[in-house]
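Participant: Generate the whole structure from the sequences, applying the supplied hints.
This is what each chain is made of:
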Amino acid sequence: MATVYVSYTPKNDEKQPEGLIQATIGKETVALLPVEIGNEKLNCIQAAQKVGTQIPHYCWHPALTVVASCRMCLVEVGERKPDGAVVMQPRVVPGCQTPVKDGTVIVTTTAKVHGAQQQTLEGILLNHPLDCPVCDKAGECMLQDYTYGYGRATSRMIEQKNTPANKPNLGPNVSLFTDRCIMCSRCVRFTREVAGTAELQIINRGNHAEINVFPGEALDNKLASNVVDLCPVGALCSNDFLYKHRVWNLKTVDSVCPDCSTGCSIHLDGNKNIVYRLRPRDNPKAQGHFMCDEGRLGYGYVNSKDRILKPTRLGKAILWKDATKDIRETFELAAKKDGSTVAMMVSPWMTSEEALLLAKWARTLSRDVRLALGPVPTVGKDDHYPKDRRGNDLNSAPKFTIRAEKCPNKKGVSEVLKQFQLRLHTFEDLLSWVDAGQLQAVYLAAGYPPRGQGWITTEQADKFKKVQTVVVHDLATSPVSDIATWVLPAAAFAEKEGTFVNHAGLAQAVRWGVTPSGDCRTDGQVFLDLLQRRGLAHVGTLRKELAKEVRYFAPLAEGELGEYGIHLETPQGA
Amino acid sequence: MADFEPVLLRRILKNASPSLEAYRGDGGYKALEKALNTMTPQQVTQAVIDSKLRGRGGAGFPTGVKWTFLPKGHPGPIYLCINADESEPCTFNNRILMDQDPHQVIEGIILSSYAIGATTAYYYVRYEYGDATRATQKAIDECYAAGLLGKNIAGKQGFNLDIFVHRGAGAYICGEETGLIESLEGKRAWPRIKPPFPAVEGAFRKPTIVNNVETMACITHIVERGADWFRSIGVPPDPNNPRDNGSTGPKLFCISGHVNKPGVVELPMGLTVRDLLEKHGGGIWEGKKAKGAIPGGVSMGVIPDTEFDMRLDFNGPAKYGCLGLGTAAVTYFDQDTSIVDVLYNICRFFEHESCGQCTPCREGTGWMHKIVDRIRKGQGRYDDLKILEEVGDQIGITPGTTICGLADGAGWPVKLAVRKFRSEFESYIKNGKKTHSLTLVGAH
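So the protein sequences, as listed, match chains A and B. So in our numbering, the last spot in the first sequence is 574, and the numbers never skip. So in our numbering, the last spot in the second sequence is 444, and the numbers never skip.
To be clear, the hints were calculated from the coordinates, so they are not data collected in a lab. One or more hints might be untrue.
Covered stretches of chain B (chain A as the covering partner; in silico rule of three or more C-beta atoms under 8 Å from a C-beta of chain A) [unchecked claim]: (1) 348-354; (2) 360-367; (3) 394-407.
Beta carbons: idealized from backbone N, C-alpha and C, even for Gly.
Facilitator: As structure tokens, then:
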């Protein structure tokens, strides 16, 4: 067990904590707050974080190696001897590079530390263009924040600044504003240590050093856009988001990336019903710190005008209340004749709660209604990072994996269906029933993002012509929506709430950042209407229902999943 | 001091041939023979510790003590790196050894490798030293042919050593020991954060000792003549200060600048800057008076002629505010020299050579360069002097704001020049004085 002492800065709205120890450091008296860190191996930044003290830093990142080069995290460090005497080191040290042990004293409040921070910031700003009004990062920039918190109010530099040329399109997704760069080298270390493809390097020396790609190469790997999040200033910008929106106008919700079964935790930034960007959210249980470009840039269809926006019957727009009423009556009629002639497909893009509601509706119709899992898109093999320079896999433990299974909730939907039906039927099963002419009414809860070839081919769709009643509940038109009786608009992941279960059985909360476009309703709401249950789909209530009725989801009985989600299975290696 | 007989330059002063044959004729490789036949590696290390030899590269760390930082009983390999990236301006003492007496250094390398258990030595030579590289490579080839390198050296079973000459690509920062190691590994020469120190984890993540060329030459003579002989030369440690290691042994001094007789002289440490100028440098040229001097390579600072009583040993310069003895390369300048121009040239050098890793050094060196340039052009402000002093004070490992010592060396001459020649800076600022045209040399 180890105790670390961190200098305490009183905050306006906070009562002074108990257990403060007064110590004299130089000519100043400093209040030290003891914190128990157990056996954790921490550096000064992490230890200070434990008591809520921020040590400003640029180059240090928990997922990258320590270089201690930005010199922003300089602190005074010393040791508190067992007799209570505090002995300080004579010089300031970088907090990121200094491990703490029992008795370590971290002081961030002395004039010496403030002076060092001020000097570092003055240095960084010497050649920084201060073009915040046109900079994408303004509003979420660590240089702005730290300058406000720790820097000087005015600049003493009257010399000409260095103006290196910008490098638009450093890669297909990333641009470099060279003059804004503060040389923290996070991006370079990321491409070397996490992506492994090492496209980035530093050229030139001293204050003429610049980030650049190797000649003839581009910053083009599947994780490339992470350098934009890693960049503490506005040097590396996402081409997708560039000049689109000021960040202080964005509304951020915590959600889950739906584009593969890794289920990266994300921040979803939107405003006025437009999704502007997805950013990775740190989650040690899910993916770590990063996300892939495919997922990051895969949200475009949410804002698309080509989506299905109105419920239609045989191509004619109808009202929702008529649609749900007619569909319910048609299916009830078919089920009354023979329950086994009715089938429902639940796609792995549905949330677990939606799967539950649809399955329950199926069971209210008849216990013979057949349930099938929708097509599970799979592309290639799981893609592990870091790779070597040539893009081949390494034998080391992967730091990031892009899964071959390109859907967010196969596991969750399958577990729900298994609860209601002994066997988990696949889409092929459904097709064979259709082929054999066993079905009279089919409900296809698809919700597939319109990508590539689409989720269903024309040949597969043609088979459904044999079925009397086809309901397609989807985001965009497909071969099967052309022959369907009813076409209902579905909601995208950014518009609904629920639970996704990733490949490892981690249940995470999906939250809505924008409201459904056009006349769309969330799928859950539609299923509630079909079930003739009153009220709005409330995710907390539905999640409790799910935990109660499906054994697999029992750990979710509280209804809340927390920031990082809840494991429904014992994770591998635990 | 008149009876001091040069040791390191003994063969060079009599224009002896650098060949192996000639070196052996002058008693060369006797020390190696002695060590291999009569001494254990521990005894060699002990002799170096007893001699109080301090590293000749600039920092003056006791060489024998550095060797003892190697992990005990390490399975190997252990590496020895010879720092021949002699880039400090006005310094050329390693060059003369490598050019004209390479075997003296190589014998030291073999002895040191024997002492520390290294089987591979990397001889990191700066790019600009073409002649020295060729002379060294030739000497190494001769040694391989004579069985002094390779397997079972000089008949000693199990003692193997290979020396590889590695040429740098022309960066000052490669002279910093961890920068050198990074460069040797084929990476950008960005100094590493310490700990771990190279003795624990250095080149290729193995224990590594980095020593200067002149240090290696000294090892040869320590083994040959004994630690007592070495300790009898120069300034003994202060008996009242247990942390003082003294300044023992012969040292090469480089004399350059506005003097009548520039060059390298070998002397015991402890003589004054004035003595070095008058007795060995032949006085200031053209009958002029001295204005000041840079006592130990530009990064150690600047002193005016009123401080010429400074003693040139490991403790002397610090008493006058200088960073240290450095490479003992003393540059004198005459009364007509503009100190602003001197400082401008120094700042220009460090701006160019800062590796760009740590913010204070990367930005500070560039800023100081721009400010001094502006003062030089008659557009200075009094505030500038305050900024120069402040930046000079705040960058470096001494206050703790950088990883390596380059920033100390960049800041020190600036703050000393401003403090010690303040009136001249003020006259530039007050009168809007412009410097006479300055011809800049160098490949910047």
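Participant: Hint by hint, say whether it matches the structure.
Facilitator: Results for each hint:
1. 348-354: holds (count 4)
2. 360-367: holds (count 7)
3. 394-407: holds (count 8)
Hint check: no violations occur; every hint is consistent with the structure.
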